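Protein chains in written order, with my numbering: chain A, 1 to 577; chain B, 1 to 581.
Hints are computed from structural coordinates only; laboratory data are not their basis. The model shown is predicted, which means the values in this text are computed figures rather than measured ones. Incorrect hints may have been included.
Result set (DSS-like, lysine-lysine): computed pairs, CA atoms no more than 30 Å apart in a straight line [as the list claims (entries may be wrong)]: (1) 112(B) to 416(A); (2) 99(A) to 200(B); (3) 200(B) to 299(A); (4) 185(B) to 80(A); (5) 456(A) to 392(A); (6) 299(A) to 193(B); (7) 416(B) to 370(B).
One side of the interface only, derived from the structure: several residues of chain B facing chain A at Cβ under 8 Å [as the list claims (entries may be wrong)]: (8) 55; (9) 69; (10) 71; (11) 75; (12) 81; (13) 96; (14) 171; (15) 172; (16) 243; (17) 277; (18) 280; (19) 405; (20) 407; (21) 409; (22) 415.
Here a beta-carbon is modelled for each residue, glycine too, at the ideal position from N, C-alpha and C.
Below are the chains, spelled out letter by letter.
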Amino acid sequence: MKRLAIHLKNYKAHLIWGPFFKLLEAIFELVVPLVMAQVIDEGINQNAGVGYILSRGALILALGIIGLCCALICQYVASKCSQGYGTLLRNDLFSHVNKLSYKELDKFGAATLVNRLTADVNQLQNMVAMMIRLFIRAPFLVIGAAVMAMIINLKLALVFLAAAPLIAFVLYIIMSRTVPHYKTVQKKLDTVTGITRENLAGVRVVRAFANQGYERARFRTAAEDLTRTSNTVGAISALLNPLTFAIINVAILAILWFGGGIVDSGEMTQGEIIAFVNYMTQISLALVVVANMVILITKSSASASRVLEVLETEPSVTDEGNEEVIPDDNAPAVRFDNVYFGYVEGAYALDGLSVDINKGETVGVIGGTGSGKSTLVNLLGRFYDVSEGSVKLFGTDVRKYPLEQLRTTIAYVPQKAVLASGTIRSNMQWAKKDATDEEIWRALEIAQAADFVRAKKKGLDEVVERDGRNFSGGQRQRLTIARALVGSPKILVLDDSSSALDFATDYALRKAIARSKGDTTVFWVSQRATSIKNADKIIVLDEGEVKGIGTHKELFDTCDVYREICLSQVSKEENAR
Amino acid sequence: MNMKTKELVKRLLHYVRPYRTLLFVAVLSSLISVAASLLTPVLIGDAIDFIIGKDNVDFSQVVRYIGYLGITIAFATIFQWLLSWSTNKLSFSTVKDMREDLFDHIDKLPLKYIDSHAHGDLITRMGNDIEQISTGLLQGFSQLLNGVFTIAGTLIVMFIVNWLLALVVFLITPLSLFVAAFIAKHTHDMFIKQATVQGKLSGFGEEMISNAKVVQAFSYGDDAQKYYEELNQELYNYGYKAQFYSAMSNPCTRFVNGIVYAAVGITGALLAVTRGTISPGLLSTFLMYSNQYTKPFNEITGVITELQTAMASARRVFAVLDEPTESDDSALPEIEECDGTIRLEDVSFGYTEDRILLQHIDLAVKNGQKIAIVGPTGCGKTTLINLLMRYYDVTDGRILVSSRPVTEVKRDSLRKCFGMVLQETWLTGGTIKENIAYGKRDATDEEIIAAAKAANAHGFITKMEKGYDTVVSEGGDNLSQGQRQLLCIARIMLTHPPMLILDEATSSIDTRTEIKIQKAFGTMMEGRTSFIVAHRLSTIKEADVILVMNDGNIIEHGTHEELLEKKGFYYNLYNSQFAPV
Numbered sequence: 001m002k003r004l005a006i007h008l009k010n011y012k013a014h015l016i017w018g019p020f021f022k023l024l025e026a027i028f029e030l031v032v033p034l035v036m037a038q039v040i041d042e043g044i045n046q047n048a049g050v051g052y053i054l055s056r057g058a059l060i061l062a063l064g065i066i067g068l069c070c071a072l073i074c075q076y077v078a079s080k081c082s083q084g085y086g087t088l089l090r091n092d093l094f095s096h097v098n099k100l101s102y103k104e105l106d107k108f109g110a111a112t113l114v115n116r117l118t119a120d121v122n123q124l125q126n127m128v129a130m131m132i133r134l135f136i137r138a139p140f141l142v143i144g145a146a147v148m149a150m151i152i153n154l155k156l157a158l159v160f161l162a163a164a165p166l167i168a169f170v171l172y173i174i175m176s177r178t179v180p181h182y183k184t185v186q187k188k189l190d191t192v193t194g195i196t197r198e199n200l201a202g203v204r205v206v207r208a209f210a211n212q213g214y215e216r217a218r219f220r221t222a223a224e225d226l227t228r229t230s231n232t233v234g235a236i237s238a239l240l241n242p243l244t245f246a247i248i249n250v251a252i253l254a255i256l257w258f259g260g261g262i263v264d265s266g267e268m269t270q271g272e273i274i275a276f277v278n279y280m281t282q283i284s285l286a287l288v289v290v291a292n293m294v295i296l297i298t299k300s301s302a303s304a305s306r307v308l309e310v311l312e313t314e315p316s317v318t319d320e321g322n323e324e325v326i327p328d329d330n331a332p333a334v335r336f337d338n339v340y341f342g343y344v345e346g347a348y349a350l351d352g353l354s355v356d357i358n359k360g361e362t363v364g365v366i367g368g369t370g371s372g373k374s375t376l377v378n379l380l381g382r383f384y385d386v387s388e389g390s391v392k393l394f395g396t397d398v399r400k401y402p403l404e405q406l407r408t409t410i411a412y413v414p415q416k417a418v419l420a421s422g423t424i425r426s427n428m429q430w431a432k433k434d435a436t437d438e439e440i441w442r443a444l445e446i447a448q449a450a451d452f453v454r455a456k457k458k459g460l461d462e463v464v465e466r467d468g469r470n471f472s473g474g475q476r477q478r479l480t481i482a483r484a485l486v487g488s489p490k491i492l493v494l495d496d497s498s499s500a501l502d503f504a505t506d507y508a509l510r511k512a513i514a515r516s517k518g519d520t521t522v523f524w525v526s527q528r529a530t531s532i533k534n535a536d537k538i539i540v541l542d543e544g545e546v547k548g549i550g551t552h553k554e555l556f557d558t559c560d561v562y563r564e565i566c567l568s569q570v571s572k573e574e575n576a577r
Numbered sequence: 001m002n003m004k005t006k007e008l009v010k011r012l013l014h015y016v017r018p019y020r021t022l023l024f025v026a027v028l029s030s031l032i033s034v035a036a037s038l039l040t041p042v043l044i045g046d047a048i049d050f051i052i053g054k055d056n057v058d059f060s061q062v063v064r065y066i067g068y069l070g071i072t073i074a075f076a077t078i079f080q081w082l083l084s085w086s087t088n089k090l091s092f093s094t095v096k097d098m099r100e101d102l103f104d105h106i107d108k109l110p111l112k113y114i115d116s117h118a119h120g121d122l123i124t125r126m127g128n129d130i131e132q133i134s135t136g137l138l139q140g141f142s143q144l145l146n147g148v149f150t151i152a153g154t155l156i157v158m159f160i161v162n163w164l165l166a167l168v169v170f171l172i173t174p175l176s177l178f179v180a181a182f183i184a185k186h187t188h189d190m191f192i193k194q195a196t197v198q199g200k201l202s203g204f205g206e207e208m209i210s211n212a213k214v215v216q217a218f219s220y221g222d223d224a225q226k227y228y229e230e231l232n233q234e235l236y237n238y239g240y241k242a243q244f245y246s247a248m249s250n251p252c253t254r255f256v257n258g259i260v261y262a263a264v265g266i267t268g269a270l271l272a273v274t275r276g277t278i279s280p281g282l283l284s285t286f287l288m289y290s291n292q293y294t295k296p297f298n299e300i301t302g303v304i305t306e307l308q309t310a311m312a313s314a315r316r317v318f319a320v321l322d323e324p325t326e327s328d329d330s331a332l333p334e335i336e337e338c339d340g341t342i343r344l345e346d347v348s349f350g351y352t353e354d355r356i357l358l359q360h361i362d363l364a365v366k367n368g369q370k371i372a373i374v375g376p377t378g379c380g381k382t383t384l385i386n387l388l389m390r391y392y393d394v395t396d397g398r399i400l401v402s403s404r405p406v407t408e409v410k411r412d413s414l415r416k417c418f419g420m421v422l423q424e425t426w427l428t429g430g431t432i433k434e435n436i437a438y439g440k441r442d443a444t445d446e447e448i449i450a451a452a453k454a455a456n457a458h459g460f461i462t463k464m465e466k467g468y469d470t471v472v473s474e475g476g477d478n479l480s481q482g483q484r485q486l487l488c489i490a491r492i493m494l495t496h497p498p499m500l501i502l503d504e505a506t507s508s509i510d511t512r513t514e515i516k517i518q519k520a521f522g523t524m525m526e527g528r529t530s531f532i533v534a535h536r537l538s539t540i541k542e543a544d545v546i547l548v549m550n551d552g553n554i555i556e557h558g559t560h561e562e563l564l565e566k567k568g569f570y571y572n573l574y575n576s577q578f579a580p581v
């Protein structure tokens with residue numbers, strides 16, 4: 001909780017003044033019925049005169065105006081403080097997420113992180129505002145009204161002491177019954193929309209199997225289920241207003257009943273009875289607010305724990321204390337030294353890899369899905385840390401590098417080709433902020449993307465929509481390759497990055513990279529044997545195990561797995577070419 | 001799409017009609033409960049008038065009024081509950097029907113609509129918009145009804161009891177409406193600005209977090225943070241103002257209520273003193289009324305905005321319901337025995353009229369032939385499949401399956417002739433077993449297992465903790481892309497369709513598994529007409545006919561050997577994968 005409260009530190013004054021002014025307003029509000037009682041008792045019943053009545057009227061008006069001012073000050077303070085709190089928390093959370101390594105990101109998943117950043121932070125922000133506005137005021141009004149009642153007449157105030165807890169109890173019972181149900185309703189609504197989503201995404205398959213009728217029945221069941229639960233919740237929550245109404249009015253009834261006797265004995269006046277009735281109404285309003293507050297707190301505490309969970313997750317990969325590394329040009333560009341890695345304890349996704357890769361070499365990595373290809377290249381940029389052994393870059397363990405230096409040394413083309421919204425140019429400048437147009441065009445040429453970018457009306461200034469969805473899969477893939485090439489990295493990693501390209505383009509790309517790469521070391525991860533067969537070294541992986549390291553020729557003769565892969569894709573004679 | 005409000009209401013009423021009894025109960029309950037709750041302050045005031053002072057309390061009268069009060073409270077309580085209950089039930093039932101209609105309609109919409117509209121938008125209509133109709137329109141309606149009854153009732157009673165005091169309330173209360181409207185107007189602008197920035201901020205946050213891995217790989221985090229904080233600051237600037245402006249309305253209306261309260265009290269007291277036309281009890285009644293009377297005004301202002309949003313939502317829902325569906329084919333005959341032949345006669349097609357993609361295509365496929373379609377991305381391979389399955393209708397020419405024009409048979413029976421495996425795997429929420437049996441839901445466990453074995457999926461399924469009963473999670477995160485594809489293939493293996501369509505079916509499966517699947521496909525394709533779309537040329541070589549497509553046209557066709565000899569487009573495509581770098 002401390003981690004969440006820290007951002008309130010800057011708003012200490014707000015947190016004191018806000019509730020203070022709200023309290024003042026509440027006090028003025030509580031005084032009004034008393035003044036009105038005076039109007040009735042002295043003004044009417046004892047004939048204090050028109051002047052007296054008017055002066056009391058002026059007093060009520062003045063109380064109202066001062067109350068309004070106090071309330072406005074409180075609202076202003078609450079708005080500033082809660083928005084400010086939300087802003088700081090959001091920045092903090094965003095920055096923290098950016099520091100998490102792949103392991104933690106995988107654990108959470110993007111969808112929930114986004115949700116926590118938006119909905120949950122907003123919820124907490126609201127909570128702060130409500131805290132300032134209501135936390136003090138509502139309970140104060142309840143207690144204050146009861147105290148005022150007691151001041152007027154202690155005996156009759158017992159009615160209050162009976163009614164208030166009763167109302168609170170009813171509120172509690174009804175809410176504790178309905179609030180959990182609301183979650184169920186939400187879940188059932190999610191099912192309903194989920195089936196819709198599924199049917200839209202799979203519309204071709206659903207229709208191919210002529211299964212529309214079946215899907216309709218499925219939807220109907222879910223919709224009926226939702227309606228049933230909604231009705232149950234509705235019936236219970238419908239009790240809330242009538243029951244509180246009943247209790248309040250029965251309490252007023254009791255006030256009249258007992259009050260009659262008390263007035264008769266002369267202990268109390270008629271005006272005071274009216275004030276009593278008035279306080280009763282005030283209590284009921286305040287109690288409803290208290291009930292809403294309870295709901296808000298329940299919701300917010302769930303949000304708080306979700307946000308906290310993220311903030312309290314320490315990134316497993318950090319570069320604290322690491323100083324700039326001076327690369328040793330004589331050392332191998334990359335050295336895997338007996339590397340083991342497992343995503344979960346006990347199951348290795350990479351099982352003892354040792355290999356040296358020299359500067360300027362092209363390395364092919366091949367294997368089936370789940371063989372550990374991506375794992376291998378992810379260890380280079382320290383997206384995960386090795387479980388055992390070490391990965392060295394130009395003679396230094398990657399764990400000794402500042403992350404920034406490490407990740408500018410390596411340029412990475414991920415499997416999933418996504419671009420950020422902006423322009424083509426802004427995307428191309430990710431790795432190198434000051435890249436010139438010339439550099440960008442050169443990268444685009446190599447990535448086989450220059451032609452279609454040139455065909456765009458605005459060229460480099462062409463708008464890229466979110467995730468780059470205004471480009472085709474193949475175009476996106478080529479742009480992500482170009483993005484990686486812009487900084488002229490020392491190490492280039494292509495993680496199955498040409499899967500959406502047809503063979504002709506794939507070929508042209510390979511040729512262009514080979515021609516222009518200079519002494520860049522290239523890791524080329526692929527499922528296609530043809531993509532990597534000309535590499536200087538090929539690493540063959542199978543379920544995390546290294547099955548062979550060598551050139552195409554060597555491996556084709558000695559490595560069964562490799563030969564099998566090659567033969568499944570092209571015939572024997574062609575492999576020999 | 002600008003539906004008139006009148007028509008909109010008419011259509012909504014159409015949905016309410018089956019539940020009109022509930023509607024009747026709601027209106028009646030509203031009337032009774034309002035009447036009862038209006039009577040309460042009058043009775044309380046009357047009772048107070050018998051509690052005047054020391055030795056001046058008429059107990060028998062007080063008891064009488066307390067009795068009346070008890071009965072009134074009971075009535076008010078029961079009918080208030082009945083009102084909530086009936087409107088809830090009414091709205092839930094109504095929107096359920098609406099949801100089902102919407103779903104049924106979506107299910108019948110042509111692919112053309114579904115492909116060209118954002119799915120998220122349709123889902124929002126199904127979820128949020130209909131929810132909005134439920135809360136805003138129906139429950140809002142009941143609140144409005146209650147509010148109007150209360151206002152009218154209060155006014156009537158007040159004018160009957162004391163017209164002068166009533167006039168005071170009547171004249172001052174609208175002030176709160178003015179204040180509320182004034183604030184709302186000024187808040188609106190700020191809210192729009194806030195919403196725009198909030199949208200930008202959330203969008204950017206979502207984009208960066210969804211792609212956090214790439215962001216890290218490029219050390220882009222600091223830049224992203226900077227921009228995020230800029231947007232966030234902008235949000236703060238608008239946000240606190242928007243919040244403050246809207247938070248003003250509450251104290252302000254409360255202040256107006258206070259004025260009404262004071263005015264009633266003072267005027268009443270003056271009347272009592274100068275003319276004696278009003279008793280303290282009556283004054284207390286009026287004080288309670290002035291509280292009660294201003295409350296529905298505040299509520300109604302809120303309800304009206306809700307109603308407007310709900311109307312907009314209803315409009316969006318009805319807009320989908322008005323989209324034309326696929327033509328009715330219930331009167332058309334079925335294809336009983338598919339003979340495996342396909343003929344395309346002078347087929348032209350474009351997704352939009354101004355851009356024709358396929359042009360004058362003629363093709364005759366004999367039973368059992370394997371047709372491979374190759375060509376660069378975006379050349380129209382998938383389009384051909386869209387036409388065969390009649391997901392889209394040709395612009396010109398016609399397609400015959402089993403010698404029957406596809407437009408003259410039932411769509412379902414046409415589609416059942418094909419078994420289709422697409423590049424994008426789609427699984428339904430449910431168990432693995434249910435997924436395999438998706439095309440044949442009465443399949444026995446033996447059949448399902450046999451199909452899984454044929455697709456080479458049995459191995460990984462049995463390795464999972466719950467085997468065939470493993471639930472496929474939404475998004476299918478517990479299965480790899482390859483495993484998902486294997487399930488899609490098993491699904492087809494179970495139905496034994498007469499013809500096959502494989503659209504890049506094995507592109508996401510590793511090569512070693514692929515060999516096994518290819519074998520399974522081989523057996524399955526035996527004697528069956530098959531269409532194969534693939535990047536991997538090795539899969540294509542054995543085809544009886546290879547169609548080479550480019551820019552929407554079939555530019556070459558023939559067997560692998562014939563095409564190589566031609567030394568044309570295919571020859572270049574094929575060789576590019578073996579050329580040395």
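The hints, checked one at a time:
{"no.": "1", "hint": "112(B) to 416(A)", "result": "holds (27 Å)"}
{"no.": "2", "hint": "99(A) to 200(B)", "result": "holds (22 Å)"}
{"no.": "3", "hint": "200(B) to 299(A)", "result": "holds (25 Å)"}
{"no.": "4", "hint": "185(B) to 80(A)", "result": "holds (21 Å)"}
{"no.": "5", "hint": "456(A) to 392(A)", "result": "violated (42 Å)"}
{"no.": "6", "hint": "299(A) to 193(B)", "result": "holds (27 Å)"}
{"no.": "7", "hint": "416(B) to 370(B)", "result": "holds (19 Å)"}
{"no.": "8", "hint": "55", "result": "holds (6 Å)"}
{"no.": "9", "hint": "69", "result": "holds (5 Å)"}
{"no.": "10", "hint": "71", "result": "violated (11 Å)"}
{"no.": "11", "hint": "75", "result": "violated (11 Å)"}
{"no.": "12", "hint": "81", "result": "holds (4 Å)"}
{"no.": "13", "hint": "96", "result": "holds (4 Å)"}
{"no.": "14", "hint": "171", "result": "violated (16 Å)"}
{"no.": "15", "hint": "172", "result": "violated (12 Å)"}
{"no.": "16", "hint": "243", "result": "holds (4 Å)"}
{"no.": "17", "hint": "277", "result": "violated (12 Å)"}
{"no.": "18", "hint": "280", "result": "holds (5 Å)"}
{"no.": "19", "hint": "405", "result": "violated (19 Å)"}
{"no.": "20", "hint": "407", "result": "violated (16 Å)"}
{"no.": "21", "hint": "409", "result": "violated (12 Å)"}
{"no.": "22", "hint": "415", "result": "holds (5 Å)"}
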